[in-house]
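Residue numbers (our numbering), protein chains in the order written: chain A, 1 to 286; chain B, 1 to 296; chain C, 1 to 324.
All clues given are correct.
Which bits of chain B does chain A cover? Going by a derived footprint, with three or more residues having C-beta under 8 Å, they are: (1) 30-36; (2) 52-65; (3) 100-111; (4) 118-128; (5) 223-234; (6) 252-264; (7) 269-281.
None of these hints come from the bench; they were simulated from the model. C-beta: ideal position from N, C-alpha, C; glycine also.
Take a look at the letters that make up each chain.
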Amino acid sequence: MTAATSSEPMVKVRLPGVAFVMVAISVLAMAGLILLPLYVVFREALLKGLPQYLAALKAPDAVSAIRLTLLVAAIAVPLNAVFGIAAAWAISKCEFRGKSVLLTLIDLPFSISPVVSGLVWVLLFGAQGLFGKWLLAHDLKVIFAVPGLVLATILVTFPFVARELIPLMQQQGADEEAAALTLGASGFTTFRRVTLPNIQWALLYGVLLCNARAMGEFGAVSVVSGHIRGLTNTLPLHVEVLYNDYDSVGAFAAASLLAGLGIVTLVLKTALEWRHSGELSAGRKH
Amino acid sequence: MTDRFSVPPVPRPVTDAWPRRPRLVEHSILPGLKLSLGITLVYLALIVLIPLAALAVRPWEIGLDGVIRTLSDPRVASALRVSFGISLLAALTNAPLGLLIAWTLTRYAFPGRRILDALVDLPFALPTAVAGIALTAIYSPTGPIGAFAAQLGIKTAYSPLGIFIALVFIGLPFVVRSVQPVMQDLDKDVEEAAMTLGATDLQRVTRVVLPALAPALLSGVSLAFARAVGEYGSVIFIAGNMPLKTEIAPLLIVIKLEQYDYAGAAAIGLAMLAISFGALVAMNAVQIYLSRRGRA
Amino acid sequence: MSLQARDKEFLALLGPSGSGKTTLLRVLAGLEEPDAGEVRFDGEDFLALPVRKRKVGMVFQHYALFRHMTVAQNIAFGLTVRPARERPGKSEIRDRVARLLDLVQLQGLEKRFPSQLSGGQRQRVALARALAIEPRMLLLDEPFGALDAQVRRELRRWLRELHDRAGVTTVFVTHDQEEALDLADRVAILKDGELVQLGAPNAVYEHPATPFVFDFLGQACQLPGVVQGGSLTVADWETAAPEGATQGAVQVFFRPDEVAFAPAEGAGLAAEVLAVARRGPDVRIDCRIEGVLMELIGHGPTLPAGVAPGLSVRVKPLRPQVYA
Numbered sequence: 001m002t003a004a005t006s007s008e009p010m011v012k013v014r015l016p017g018v019a020f021v022m023v024a025i026s027v028l029a030m031a032g033l034i035l036l037p038l039y040v041v042f043r044e045a046l047l048k049g050l051p052q053y054l055a056a057l058k059a060p061d062a063v064s065a066i067r068l069t070l071l072v073a074a075i076a077v078p079l080n081a082v083f084g085i086a087a088a089w090a091i092s093k094c095e096f097r098g099k100s101v102l103l104t105l106i107d108l109p110f111s112i113s114p115v116v117s118g119l120v121w122v123l124l125f126g127a128q129g130l131f132g133k134w135l136l137a138h139d140l141k142v143i144f145a146v147p148g149l150v151l152a153t154i155l156v157t158f159p160f161v162a163r164e165l166i167p168l169m170q171q172q173g174a175d176e177e178a179a180a181l182t183l184g185a186s187g188f189t190t191f192r193r194v195t196l197p198n199i200q201w202a203l204l205y206g207v208l209l210c211n212a213r214a215m216g217e218f219g220a221v222s223v224v225s226g227h228i229r230g231l232t233n234t235l236p237l238h239v240e241v242l243y244n245d246y247d248s249v250g251a252f253a254a255a256s257l258l259a260g261l262g263i264v265t266l267v268l269k270t271a272l273e274w275r276h277s278g279e280l281s282a283g284r285k286h
Numbered sequence: 001m002t003d004r005f006s007v008p009p010v011p012r013p014v015t016d017a018w019p020r021r022p023r024l025v026e027h028s029i030l031p032g033l034k035l036s037l038g039i040t041l042v043y044l045a046l047i048v049l050i051p052l053a054a055l056a057v058r059p060w061e062i063g064l065d066g067v068i069r070t071l072s073d074p075r076v077a078s079a080l081r082v083s084f085g086i087s088l089l090a091a092l093t094n095a096p097l098g099l100l101i102a103w104t105l106t107r108y109a110f111p112g113r114r115i116l117d118a119l120v121d122l123p124f125a126l127p128t129a130v131a132g133i134a135l136t137a138i139y140s141p142t143g144p145i146g147a148f149a150a151q152l153g154i155k156t157a158y159s160p161l162g163i164f165i166a167l168v169f170i171g172l173p174f175v176v177r178s179v180q181p182v183m184q185d186l187d188k189d190v191e192e193a194a195m196t197l198g199a200t201d202l203q204r205v206t207r208v209v210l211p212a213l214a215p216a217l218l219s220g221v222s223l224a225f226a227r228a229v230g231e232y233g234s235v236i237f238i239a240g241n242m243p244l245k246t247e248i249a250p251l252l253i254v255i256k257l258e259q260y261d262y263a264g265a266a267a268i269g270l271a272m273l274a275i276s277f278g279a280l281v282a283m284n285a286v287q288i289y290l291s292r293r294g295r296a
Numbered sequence: 001m002s003l004q005a006r007d008k009e010f011l012a013l014l015g016p017s018g019s020g021k022t023t024l025l026r027v028l029a030g031l032e033e034p035d036a037g038e039v040r041f042d043g044e045d046f047l048a049l050p051v052r053k054r055k056v057g058m059v060f061q062h063y064a065l066f067r068h069m070t071v072a073q074n075i076a077f078g079l080t081v082r083p084a085r086e087r088p089g090k091s092e093i094r095d096r097v098a099r100l101l102d103l104v105q106l107q108g109l110e111k112r113f114p115s116q117l118s119g120g121q122r123q124r125v126a127l128a129r130a131l132a133i134e135p136r137m138l139l140l141d142e143p144f145g146a147l148d149a150q151v152r153r154e155l156r157r158w159l160r161e162l163h164d165r166a167g168v169t170t171v172f173v174t175h176d177q178e179e180a181l182d183l184a185d186r187v188a189i190l191k192d193g194e195l196v197q198l199g200a201p202n203a204v205y206e207h208p209a210t211p212f213v214f215d216f217l218g219q220a221c222q223l224p225g226v227v228q229g230g231s232l233t234v235a236d237w238e239t240a241a242p243e244g245a246t247q248g249a250v251q252v253f254f255r256p257d258e259v260a261f262a263p264a265e266g267a268g269l270a271a272e273v274l275a276v277a278r279r280g281p282d283v284r285i286d287c288r289i290e291g292v293l294m295e296l297i298g299h300g301p302t303l304p305a306g307v308a309p310g311l312s313v314r315v316k317p318l319r320p321q322v323y324a
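This is chain A alone, in the form it adopts within the complex (with noise of 0.2 Å):
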């Protein structure tokens, strides 16, 4: 006797009919609503041609805007990251009280508006701010100058590589960080030898995270920057000050760079979650 063993995983599709529906409405649902927008973006800005589209990424507003987007990014991302990996480190090989406490803190970002992020900077650094008279006296910008894009950038991508070093360090322990001290390493050659390796690839994806929003965020930075063409616009902030402009092409072109921005993360992210399944954090794994 012999039957059919099914090592597919999934639950053997018992009404086709029934499935045919769901996969429909799904693909339909994704197609309008999410894949849609992304091929706006690219119809209006090709829409009076490759010249033009080329044109409006050459103006001097929009290339200032991606330097100073690159800048922020190139400043903020690191600093996360660093963050990141210490506070994954205490959080995970060490004992001490309180723990959950910080984990709630350094998530704390995530559920705060852009808008807040940004506000609580000119509370602090403001014309009116806690510190806006001292910094007035001694000639110092923070608000509507890079240092306050900076900040905002900051708060708001605080969290990423956190977020994605803390689980998957947890989970594998200390023990082999343990070994390596028996062994005679130091802590930073054990660091770098040990649990580097364990971990770069989660570091690489909550990177890549921290780096797109970085690139792309618009609120936060909205509200610190002053929206001082050709100084504190960022690329998102150019995309809506051409909008508003009713320069359409403009807008929409500036608005190309920041969603291939998006296709690319999507893609290395995704390339992360099936080649390296096993070196991310759980819930990343596909």
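With the hints as your guide, set chains B and C onto chain A.
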């Protein structure tokens, strides 16, 4: 000088016998705790705690009645209502939609499934301003869907419906990604057990699968809700921003700041935080109750 | 392959992993469809019935309890999902759940959730849940597989008693030959999706149909021999051939504990004793017979003094089996 006949010293009370104050750091096998915890705490304080403390303190300079006056201003009250009300509607809409998509992705094999799976995260990856202008282009009266809806007499962009659409867009991944792993780990034999016990397909889904997914679904819905309440970039373009109708709470913060009304802005920010916090605590309580029943 | 379970019988499906025993059980339950063949119950075509109409009580290897339901809700599930017409009343369901809890000795635990139970308790809940639908047949997939050895032995006796009291035809799958021989009325031995032998535990153990069955049911020693007429010759030892043995060159199988020892000058297989080690109640004797190293098992008090390292003895298998 010791004397054999001297009285032995009175034993000092053993300090360990007394309840000691628990130390902050219990023990640590690995080095680097001071360094890593130090970096963590300092950075956390500078970036998160001090700024939030500023937010918590600032509103009170106009006094309690000042805060109440700010929040009960019709324009502010309406914005809070719009933000929280439409966010809740969008999150509740995402519950069945996200469940359906998660179900499709985990249960059925069909061509393009993995691409669809990857696309779920697009709203996470797409910068909000980009999503905002793209959604507006689609749903404005001249856009492909907006024009069609206009023919039916429905105003999509520049109306509460537009805000709703944007919030569904950004909330969907939260629900799908919360439910999906749980659905994947759901034991096949539990469903088979239900079948051998005589359950119909519908009973199997409603009585065995859905209750098992409920905690994850609720968690996804509350994440989507929290995100929607604070959302700015993807909503601001499509909302139309008409006072008393389609202004959202984050926009009012921006407006107050532009008027240099820091305390008013902080009051709205604090109120948003407080309401979301309350909602999250409530949802968490339900979720803990649900998952306590089913812990394996 | 054809297999028939008798009414109220306790039938074991025994085989190594991959032998198809679980698949067979799942086909009976309706969770898998055979490529060919038929399944009948009381003459009724079982394959035409969907799973939920078959009324088979299945106990899954890992129990598959509904974790969001209490013990009582789990047990009552099969009753509460019936269409309204056939559904028993609330009080009747409650009574039946109480009776089943009595039966599986879990009184007082009805409000617990599966996560609050021990492995053995979960298994009994799974059993009660399967029995609640008054199944026409009870199917158990490795019922003791997930339990530790102690609980396993206790539950084994208890399960047999339960079966005798409930009077339901029971089919259970196991890879543990001791469990199958101990529990079942009849044992079906499967290999590579084929039924190799079916019979009462004693018959199967004493007369294995193939070398595979012989080997699978216990330890085996193996030597070449020749059957001629009514006699079997292995090396210089001649004995009566088992009934119905094939003529000519054969493989002779015997159990290492079913042997008698004789002095070197007596009859039997010449063996050189290499080591003797006590192993609890038994004694393990390493020896070389016909150039083959074998581990024989002797019973301490009855072991002749001549069985000692460095000495030669004769070994007489008591119930040799021959296979072509």
